Amino acid sequence: MSNENVLLSIKDLHASVEEKNIIKGLNLDIKPGEVHAIMGPNGAGKSTMGYVLSGRDGYTVDSGSASLAGEDLLDMDVEDRARAGLFLAFQYPVEIPGVSNLEFLKVSVDAQREARGEESLTSAEFLKVAKEACKQVNLPVSFLKRGVNEGFSGGEKKRNEIMQMILLKPKLCILDETDSGLDIDAMQVVANGVNSQRSSERSFIVVTHYQRLLDYIKPDFVHVLADGKIVKSGDASLAKELEEQGYAWLQTEPKEDELED
Amino acid sequence: MTEQIDKALAREYEAGFVSAVESETFEPGLNEDVIRRISEVKGEPEWMLEWRLKAFRVWQEMEEPNWAHVDYEKVDFQAISYYSAPKSMKDKPKSLDEVDPELLRTYEKLGIPLVEQQMLAGVAVDAVFDSVSVVTTFREKLEEAGVIFCPISEAVHKYPELLKKYLGSVVPTKDNFFAALNCAVFTDGSFVYIPKGVRCPMELSTYFRINEQNTGQFERTLIIADEGSHVSYLEGCTAPQRDENQLHAAVVELVALDDAEIKYSTVQNWYPGDEEGKGGIYNFVTKRGICHTNAKISWTQVETGSSVTWKYPSCVLKGDNSIGEFYSVALTRGRQQADTGTKMIHIGKNTKSTIISKGISAGKSNNSYRGLVRMNPGAQGARNFTQCDSLLIGDQCGAHTFPYVESRNPSAIVEHEATTSKVSDDQMFLCQQRGIDPEKAVSMIVNGFCKEVFKELPMEFAVEAGKLLEISLEGSVG
Amino acid sequence: MSEWLQQAIAHADSIQDGFAEQRSASLALLKDTKWPNRKTEAWKYTPLRAVERSSAVIKEDSPELMPQSVLGADFLELTFVDGQLVALPDELPDGLTITMQESSIFATIKPERHLFGLVNDVLASDIVIVTVAEGVQVEQPIRINNLLSSGAQAHIRTVVELKPKSSLAVVETSEAHGNTLATAFTEYLVGAEAKLEHYRFALQTDDNVAVGGSHFKLLEKAVLNSSIIGFGSQLQRIDTDIIHAGEKADAKLNAIYLLDGQELFDLHATVEHEVPNCTTEENIRGIAADRSRAVFNGRIHIHRDAQKTLAELNNRNLLLSDKAEINTKPELEIYADDVRCAHGATIAEIDKKALYYLQTRGVSKSQAQLMLSFGFINELIDQMPNAELAEWVRPIIRDRFAQMEVK
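Protein chains in written order, with the UniProt record's numbering: chain A, 1 to 261; chain B, 1 to 478; chain C, 1 to 407.
Derived by calculation from the structure, the hints in this document are not laboratory data. This structure is a prediction, so every number in the text was calculated from the model and none was measured. Treat each hint with caution, since some may be false.
[Claimed, not checked] Anything over 12 Å on all C-beta distances counts as not near chain A; from chain C, calculated: (1) Lys44; (2) Val136; (3) Gly375.
[Unchecked claim] Below, simulated DSS-like cross-link-like pairs (lysine-lysine); rule was C-alpha separation at most 25 Å, straight line: (4) Lys145/A to Lys365/C; (5) Lys352/B to Lys20/A; (6) Lys39/C to Lys74/B; (7) Lys352/C to Lys106/A; (8) Lys349/B to Lys353/C; (9) Lys106/A to Lys353/C; (10) Lys169/A to Lys353/C; (11) Lys174/B to Lys39/C; (12) Lys352/C to Lys352/B.
Where is the CB? At the ideal position from N, CA and C, for every residue including glycine.
Turn these sequences into a full structure, and let the hints steer you where they fit.
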């Protein structure tokens, strides 16, 4: 596949955590506007993939490459990857007491805008935008004044993640098990937020253990990640198949190194 | 409830008998001549005597420390005898058969496995009676593995190079008042050397017993675990019931070379004095270990005895990735006073330490945890976790926590937590309602409180420690 | 006795007022007190060299100095310049009196063990007594300004009494220019069911040497809410004692220290639970950057009779540089069994997870560190009951962070 018109390109990526290999030869290309679901059993390396791409400390790339819009991701600092348009929605967003959500959001948005060569918003302008975003994800405006994620319920934390995505307007969003711990209603709110952000310019990687979320966020492609690499790829119907049969059957099939794209 | 508990605590000291062993004892008093005589009796080489005399001169310049949260009648160092040995030891017995039967009976009464059937327990024992080591068991078997386990007085002759190199290397002569005194007058104790890569085939153990009146016990223990070796060492202490206070000022030095591991466990049951605080042992002990690269030292102590305890088994974490641990249960009752804890000095990178301290205060006793955690500038990535819990039984006792935390490295993390609680009426009621008698209930609750520490003890000791606590709490509830 | 002390107390005789008896008692104690060294537990980590070497002197003439204004706040100002009381409020609300007459409270609340407290007993020339009458709620906070001009040595003392069921807010603040030395002590008797809101700001830095204290005695059902914020200086030492002397009293103490450069800051907080059924909550947070040194000692003492006490102390520290140093010693001394007491202390670096989270949102590492450090402190500022003061101090702290070198 040529690099032309590819947003994210991962080639033969190997990565380890505390000297243990977790990602073992990952290949993935994502074009603008595409939604890719990554499914797989626990411990397959799903979350690790997001951490490696975003540059978390302690996650070492041993070989291979990853680029975003033609730029080498792996060479950049965490914040520069974010400014280049990579957004990771966390499975367990951290609480930061004492730092107000509003301040945090403004500083983040300012950094994005600066990277894009745009003027930063005035406090009043930003407040308006932030309130709008709150509404979109169904969070009370009062949450802006609270510490980042401080005392938020699981669902509120996830909605706060989606709100950040709406405000930061990234090119590529990685949703790391965003559905975990959510009931159907909360999941719908999150999915609506995500769907509202779908566009021909923006791509998504939806990491999930269950097919459930994919009823709400329809993927263009589904990949199965097992033991650090993609062992099977297909369209949305693959997710259904997995739901019915679980992951065990994958182990009985011969491992496939090539994408079935 | 409190009354019940008090009653339970008013138990007899089971190890309080006096043995009718004929002894040779020095006249009380301390001067250079006494030190020369100790050295002479032991037939020591000149260098050892010089070392002692130097320490004595240092000691004379020092002041007795007074910072601990204890209050006691100061020791008259001239009223103590610095040497006492059972007469039958003059010609040292070659085997157990030659040991004075009265001595053996003493250890039997104490439940210490010196004799055959108990040897099956597979624990090698060095028994120190007043000032001398009376017997060391299982020596041949240990020798096969290359392990040296002998009285330190013997090591002075047999392994002078090891002694010259390591004696005083962890606890320097000047370290503190009591350590300096010990350097000058120590009479015996155990010496252990584990060669490179050897895992000591059995638990090593020393039992200390003070028998004579007006004697002090100043034993000295030195354990060297060479590279990659492993040893577990147990120590137990008792003394007869006497009205005068007796001084026990020991020094223990541990050296864990690269990749070595030393586990040092103590069950201390020195005579604690009577309910009014009369008599009992002053337990002023200096214990310290040094860890080289990747080495580990683990101190576990169960302290139920002594009228006054002043003891801080510590770890100097010099080598990168070395680990220090301190697990402690200290039970005080009657008028006992304990000021005990640990020091963890983090010098190397990625060094780790864990401190778990459980203090139980009952009667009119005072029980203090005193600890120091220091992160030196070079202790990159070092970690410490400290948990100090106090349990108060009755409203006449005291439980105190004095932790010093010092950090000079931004990547080091220190966490200290302390809590205090009591045996609640609700807990007691629940147990009693379920048909458990109050004594058993208190002992269960206290045992539960100490579980984290007991699980660190070697099996035989854990049982003994549990029993000891149970005895200590017996009749504590009514 | 040190040379400095000898010179300092040579001034003692020149003061003539109604406190002579207490002063001479303190002087006698002072003469018996050993000058602290490294082995003196209360000064273990804090050398007194800065005091010994100080050339600051008690001045005869002082320039006119004005305290900083706090936007939106209207204080009753008590202003000292170089130790002399220069301004009192023109008008006082009903039930509030300010005098310089004798007081039966003077030197009875502050424990005698404080060496510089004794110095202050002897040398404070303008002792101010503030009294709030029974049942009176004073809305306007009192601000005690301790202003020092370069080269000045000053000893200021205030005694505050809240009669039963009254309420008051007091702000203690100091500003110093150049090489100065100050001892500022305040004693508070909070009567039954009275409420005291207290602030102490020690934001002067550099060459200032300050050793002072705020000491509180709480009677039955009294409520204390105290906030202390300190920057370091050549030597900045604050002792605070909270004495629960009446049942069901409640004390809350929040303290912050933020150190940079070569500053030294030492906070000793002691809580005495003398009677049953009282509560204490202490939250102490500190940050040390560059080559600074922070010392915290937090002692909670539960006396034999103080059953049903609830007391908690939490001390958290961030160390930002490998040349800085933090020494903390939380202490519990407990003589009653039916109590709930706990303390915790941590020294750590900035939370790596939070740092990463901010970075994934495009915030630069250095800015993220700044935000997290500020957030760590801001949590306590958010708890300050006086919003104007919180708004005033927040940017001062923000500026301080901006100057700190965060590694």
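Verification of the supplied hints:
no., hint, in the structure
1, Lys44, "31 Å, holds"
2, Val136, "35 Å, holds"
3, Gly375, "3 Å, violated"
4, Lys145/A to Lys365/C, "23 Å, holds"
5, Lys352/B to Lys20/A, "22 Å, holds"
6, Lys39/C to Lys74/B, "21 Å, holds"
7, Lys352/C to Lys106/A, "21 Å, holds"
8, Lys349/B to Lys353/C, "22 Å, holds"
9, Lys106/A to Lys353/C, "20 Å, holds"
10, Lys169/A to Lys353/C, "23 Å, holds"
11, Lys174/B to Lys39/C, "17 Å, holds"
12, Lys352/C to Lys352/B, "19 Å, holds"
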